[in-house]
Amino acid sequence: MNSIEVKNITKYYGNTKALDDVSITIEPNKIYGLLGRNGAGKTTLLNLLTNKIFPNKGNITLDGESIFENDKALNNIFYMMEKNLFPETMKVKEVFKWTKEFYTSFDDDYAKSLSGKFGLNINKKVKGLSTGYTSIFKAILALASNANVLLLDEPVLGLDANHRDLLYKELLTSYNERPKTIIISTHLIEEVSEVLEEAIIIKAGKILAKKSVEELLESAYTVSGEASNVDSYISGKEYIGEETMGRFKSVTVLENSSKQNKELARKLDLEFSNVELQKLFINLTN
Amino acid sequence: MNNILKVTKYQIKDMRNSLIVFYTVIISISILMTILSIRYSNNPDANVGFGGFGLSSAIFIFIAGLNCFKSNFKFMQAYNVSRIRFYFANIIALIIMAVVMAFIDVSMNNILKNVIPYQGIFEQLYKTSFILGDILWSFGLFMFFVSLGWLITMIYYRSNKVMKTIVSILPVVFIVLLSVMDNLIDFQIWNGILHIFTKLLGFADNLNYYIAILSFGISTIIIFGLCFLMIRKIPIRD
Numbered sequence: 038m039n040s041i042e043v044k045n046i047t048k049y050y051g052n053t054k055a056l057d058d059v060s061i062t063i064e065p066n067k068i069y070g071l072l073g074r075n076g077a078g079k080t081t082l083l084n085l086l087t088n089k090i091f092p093n094k095g096n097i098t099l100d101g102e103s104i105f106e107n108d109k110a111l112n113n114i115f116y117m118m119e120k121n122l123f124p125e126t127m128k129v130k131e132v133f134k135w136t137k138e139f140y141t142s143f144d145d146d147y148a149k150s151l152s153g154k155f156g157l158n159i160n161k162k163v164k165g166l167s168t169g170y171t172s173i174f175k176a177i178l179a180l181a182s183n184a185n186v187l188l189l190d191e192p193v194l195g196l197d198a199n200h201r202d203l204l205y206k207e208l209l210t211s212y213n214e215r216p217k218t219i220i221i222s223t224h225l226i227e228e229v230s231e232v233l234e235e236a237i238i239i240k241a242g243k244i245l246a247k248k249s250v251e252e253l254l255e256s257a258y259t260v261s262g263e264a265s266n267v268d269s270y271i272s273g274k275e276y277i278g279e280e281t282m283g284r285f286k287s288v289t290v291l292e293n294s295s296k297q298n299k300e301l302a303r304k305l306d307l308e309f310s311n312v313e314l315q316k317l318f319i320n321l322t323n
Numbered sequence: 068m069n070n071i072l073k074v075t076k077y078q079i080k081d082m083r084n085s086l087i088v089f090y091t092v093i094i095s096i097s098i099l100m101t102i103l104s105i106r107y108s109n110n111p112d113a114n115v116g117f118g119g120f121g122l123s124s125a126i127f128i129f130i131a132g133l134n135c136f137k138s139n140f141k142f143m144q145a146y147n148v149s150r151i152r153f154y155f156a157n158i159i160a161l162i163i164m165a166v167v168m169a170f171i172d173v174s175m176n177n178i179l180k181n182v183i184p185y186q187g188i189f190e191q192l193y194k195t196s197f198i199l200g201d202i203l204w205s206f207g208l209f210m211f212f213v214s215l216g217w218l219i220t221m222i223y224y225r226s227n228k229v230m231k232t233i234v235s236i237l238p239v240v241f242i243v244l245l246s247v248m249d250n251l252i253d254f255q256i257w258n259g260i261l262h263i264f265t266k267l268l269g270f271a272d273n274l275n276y277y278i279a280i281l282s283f284g285i286s287t288i289i290i291f292g293l294c295f296l297m298i299r300k301i302p303i304r305d
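First to last, the protein sequences are chains A and B. Start counting the first sequence at 38; every next residue gets the next number (this note's numbering). Start counting the second sequence at 68; every next residue gets the next number (this note's numbering).
It is possible that part of the hints are untrue.
Chain A stretches covered by chain B per the calculated footprint, using a threshold of three residues with CB under 8 Å from any CB of chain B [as the list claims (entries may be wrong)]: (1) 86-95; (2) 102-108; (3) 111-119; (4) 256-264.
These are computed hints drawn from the structure, not numbers from a lab. Just so it is clear, CB atoms sit at the ideal spot from N, CA and C, and this is done for glycine as well.
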């Protein structure tokens, strides 16, 4: 099952409130995107889910069991942190060996095959890896861990376009072969939106939205055309992200796309288009 | 295998190499001293002496204590090992290390004693060569030093830059102040401290090494208690 319940979590760093009474349920076997601007509280939330830090208030459970200092529960989770926690003098292949000790389902052959695909030299020491290859190395550990819950904090940090594409493909292959809960925290929203099932949008320590990507994209649409006509169309409607280029205007209307007034749009010579997740995110979090 | 044993296994593997290097050096020096001692034994003008390596072992295990936490704790956090299990695993690893070192040291003392004129630190201090006493005393001494190393590294790990500076300067300031006050009150402070240490190490009670073993044991337990208080909810730091 591996459902994660976050209940009324508040976390302070000194006087700064990083998370403010956050409650959220992470359902099993779904791919989530944890989206938020810098300092929104994404990493804090992931750190709390794995006891890297502890909340000032609230509790977190995995299948009803508190995760507080609970090795059994935490063994179901593999957290790929942005920070490197692995000994720098240790070789990649040695890290694979130790990961097998702690995650008994770790697939060494799969890890080696992924290393081959990404061109990661497993005889190299951790300190000898570039930023991109450090991300690849940690992502391989996460994928091969066969843990039921994967938390990936900035998994594509420093990766080139080819490697990013390969990582998304491998992530989906691994998910299809063995469904698991995956939470991806990233700033590359448009790229990752293809992979996500649900998006959790976090702003200033509060959960702004937790919806399926489909639902989020349907919750708004873009209308564009001659500026005065667009103004007529959006009159009385809630909208965000106004973009004007000369006489041309484009606006994101916060209304379910099924409610588009096609008749009026035809009269005003306006065009509808789907909203991009990134644009919606920028507008929601601005 | 539960996480405690897995972490213990890692900690021991991590300490193993430095332990091998240390004893390779110690054994090499011992062999060299043995050769020199035998070679010059009939020469009345030559005096070859070897005062024992017990103190070197204590310093080595103190440094091992200093190195047993930071990078290993971070590594275990990568695998979501709880702090409490890391704590107990570390204690087990340190006990194993202290036991192994106590056995090696006492064995080497007894081998050397049969080949060259030699006295280990225990024999020099307590004027007895009782093997079990030597093992227990060495184990107690090593446990005290290794736990002290661990405590110091934890204090530094938990401190910010200002606290680190304070923690580093404080012992020096304390000793200087104590010395100044000592001069003012007719050397009673240092004499008092010396008296306490003499009592704690059993020198005041007919060289009773069991008192020293007990003192080491109690000190180690107190230090482990302090380490426990510090490791709870400890964050990951660079």
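Subject >> Violations among the numbered hints, reported as their numbers in ascending order >> reply: 4
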